[in-house]
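Visitor: Each chain is listed here by its residues.
2 protein chains.
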Amino acid sequence: MNILLIYDISEDRLRRKASEMCKDYGLVRVQYSAFFGRLNRNLCGELKRRLADLLKDSCRSSVIILPLHQESLEKIIKLDFNYSDEDVV
Amino acid sequence: MNILLIYDISEDRLRRKASEMCKDYGLVRVQYSAFFGRLNRNLCGELKRRLADLLKDSCRSSVIILPLHQESLEKIIKLDFNYSDEDVV
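Protein chains in written order, with this note's numbering: chain A, 35 to 123; chain B, 35 to 123.
For reference, chain A alone in the conformation it holds in the complex (with noise of 0.2 Å):
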């Protein structure tokens, strides 16, 4: 399936490690705190889990998974303004 995957986590080093840990399963950063990909059921409990043991002692995070209808995906808006992917990446 289809997910959009946006967090808001307030210390550097784990908003650090939790890209790379969404870059590992094969998302792709569309904005700085979002990225978009594709996972199966079981990949995407498993990226669950393991940002869940990576935020615990966290002092103020929120990650939030949207699993993406096709129709979702026919009718998204996008703006940009002198953004590129590199910006993001």
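Hints are computed from structural coordinates only; laboratory data are not their basis. Here the structure is a predicted model, which means the values were calculated and not measured. Some hints could be false.
Since copy identity is lost for identical chains, a pair holds within one copy or between any two.
To be verified - Lysine-lysine pairs mimicking DSSO-like chemistry, simulated, CA-CA at most 30 Å apart: (1) K90 to K109; (2) K112 to K51; (3) K90 to K112; (4) K82 to K51.
Chain A is fixed; fit chain B onto it per the hints.
Guide: Then chain B, alone, in the frame of chain A:
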């Protein structure tokens, strides 16, 4: 329709204005750079145009508006660690 709006805006002033704009349209902040809410097609188009106008001279900005299917909302995964709504309002 239910939407998720996420942004990555380099300028503090523009980011503040964008967040005020999202709230004006009844969207609720769910993370620092993520808003959720219900908008009809007309209001969604209006918000998109107003954000595009606000950000047209931005150094580096991205806005993604994602219409959400009911199924996505039912399958959402949320991890919170010492994170409350007050932190992001």
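Visitor: Now tell me if each hint is right for this structure.
Guide: Structure-based check of all given hints:
1. In this assembly of identical chains, the alpha carbons of K90 and K109 lie at most 30 Å apart only when taken from different copies (22 Å versus 35 Å within one copy).
2. Taking the shortest alpha-carbon separations for K112 and K51, both the intra-copy value of 27 Å and the inter-copy value of 18 Å come in at or below 30 Å.
3. With identical chains, the CA atoms of K90 and K112 are at most 30 Å apart between copies only, with a shortest distance of 13 Å across copies and 33 Å within one.
4. Only within a single protomer do K82 and K51 lie at most 30 Å apart by alpha-carbon distance; the minimum there is 14 Å, versus 33 Å between protomers.
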